[in-house]
Amino acid sequence: MRQSGSFWREAIVGRRPARTLVRIGVLVVLSVAIFGWVFVPVRTYGPSMLPTYRSGSFHLVNRLAYRFRHPARGDVVAVRLAGPHVVYVKRIIGLPGESVAFRDGVVWVNGQPLDESYIESRQPWTTQSVVLGPDEFFVVGDNRNMPMSQHEFGRVRRERVEGPLVF
Amino acid sequence: MNERPADGLSLVARTAQLAQFLTEDVVLDPGRQAGVISGRDRLLALASRAPNGGGAFHVDFVDMSVQVNGDEAQAHLTAALSSTDARTGEPNVDAREVDLTLVKRDDWRIQRIVLVDVLERPPS
Numbered sequence: 001m002r003q004s005g006s007f008w009r010e011a012i013v014g015r016r017p018a019r020t021l022v023r024i025g026v027l028v029v030l031s032v033a034i035f036g037w038v039f040v041p042v043r044t045y046g047p048s049m050l051p052t053y054r055s056g057s058f059h060l061v062n063r064l065a066y067r068f069r070h071p072a073r074g075d076v077v078a079v080r081l082a083g084p085h086v087v088y089v090k091r092i093i094g095l096p097g098e099s100v101a102f103r104d105g106v107v108w109v110n111g112q113p114l115d116e117s118y119i120e121s122r123q124p125w126t127t128q129s130v131v132l133g134p135d136e137f138f139v140v141g142d143n144r145n146m147p148m149s150q151h152e153f154g155r156v157r158r159e160r161v162e163g164p165l166v167f
Numbered sequence: 001m002n003e004r005p006a007d008g009l010s011l012v013a014r015t016a017q018l019a020q021f022l023t024e025d026v027v028l029d030p031g032r033q034a035g036v037i038s039g040r041d042r043l044l045a046l047a048s049r050a051p052n053g054g055g056a057f058h059v060d061f062v063d064m065s066v067q068v069n070g071d072e073a074q075a076h077l078t079a080a081l082s083s084t085d086a087r088t089g090e091p092n093v094d095a096r097e098v099d100l101t102l103v104k105r106d107d108w109r110i111q112r113i114v115l116v117d118v119l120e121r122p123p124s
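Residue numbers (the numbering used here), protein chains in the order written: chain A, 1 to 167; chain B, 1 to 124.
Hint data in this document are derived by calculation from the structure and do not stem from the laboratory.
Fair warning: there could be bad hints in the mix.
[Unchecked claim] Okay, the calculated beta carbon distance ranges per label pair:
#1 Asp106(B) <-> Arg23(A): 56 to 64 Å
#2 Asn69(B) <-> Thr20(A): 48 to 56 Å
#3 His58(B) <-> Met146(A): 22 to 30 Å
#4 Ser31(A) <-> His58(B): 27 to 35 Å
[Claimed, not checked] Covered stretches of chain B (chain A as the covering partner; in silico rule of three or more C-beta atoms under 8 Å from a C-beta of chain A):
#5 71-85
#6 93-103
#7 112-121
Keep in mind it's a predicted model, so treat the numbers as computed, not measured.
Built from N, CA and C at the ideal position, the CB exists for glycine as well.
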C-alpha cells in the first residue's frame, strides 16, 4: 500500500523530480523571454483611445510582428515614449510618403477622405497637411470627441513604433 | 523636489542645492515648439513655482547612457516623474526622454537640457 506522503510527493514533483525541475526552469525562462521581450504587457492610461480601449485596460504588444511585415494603416500600436516601459497607444492612419491632414474632423490621406468606422463621434479637428518622410508614420488616438489641444498625435519615426497590440 | 519650504531661508537653501548642478548659462528646450528657457536663475525660479496642486513630486532618472568626450559629455536618459495631486489624491505619472549636455567646470554641470519630442503635431 502506497503511503500518502509518497503519493503527494509524486503528484507534485513527478516520478523524476530532477526532470520536473528542469521543465519548470524551462517554463520560467520561456515565460520571462516571451512576456519580457516578445509579448510585452502594457496598461493604457488616459482617454485618447476611447471607445476602442478604456483607460486602465491591459493589453499585450507584439514586438516581433514588424520583423515580418511593415506597420499597416489601422494598426493600433505602442509608440515608445520614454524608455522601454512608457508608451503611447495610438492608431496608424498615415504611411511613409503620404500626405495627412484633418479637415473638420475627417482625416484626408493623399487628398482622399479616410474611412474610419471605429470613430463614434468627432470634433471638427483641422490641421495643415503634412507629408510623411520615408521612415515616418502618422498616429492618432480613436477618441476624436475631445479637444484637439488635449490629444497627443502626429508623426512618429519608425524606430519608436514598438509593435501592434494583439489583445 | 518641489517640496514647499516652510520659510524663505529653506527656499534659499533648496535653490542653492539645485543650482550646483547647473551652469550659469544653462538652456532648457522643452520641445513641442515651445520657447527655450535660458539662464540658471530663471530656470530655478520657474522650477520653484512649478504647480502640483500644492504637493511635491519625485523624479527618477532611469535608462541612462553617457558619452564622455574630454570636458564635455552627452547623456540620454528617461526622467520619470511621479506625484500625488494634493487636491484629488490621484497618483500622477509621466515620463519623458531627455538629452543632457554636461560640461566640466570644477565639477560636472548641466549646460543644456532637451526634452525629446516623440510625436510631432501638425500645425493647425
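Structure-based check of each hint:
Between Asp106(B) and Arg23(A) the beta carbon distance is about 59 Å. The supplied range of 56 to 64 Å therefore holds. The beta-carbon spacing between Asn69(B) and Thr20(A), approximately 54 Å, falls within the hinted interval of 48 to 56 Å. Range check, His58(B) to Met146(A): about 29 Å between beta-carbon atoms, so the 22 to 30 Å window is met. A beta carbon spacing of about 31 Å between Ser31(A) and His58(B) agrees with the range 27 to 35 Å that was offered as a hint.
Using a Cβ-Cβ cut-off of 8 Å, 3 residues of the segment 71-85 of chain B lie near chain A, which meets the minimum of three, so the contact claim holds. Check on the segment 93-103 of chain B: 4 of its residues sit with their Cβ under 8 Å from a Cβ of chain A, so the three-residue criterion for coverage holds. For the segment 112-121 of chain B, the stated coverage by chain A holds: 4 residues have a C-beta nearer than 8 Å to a C-beta of that chain, and at least 3 were required.
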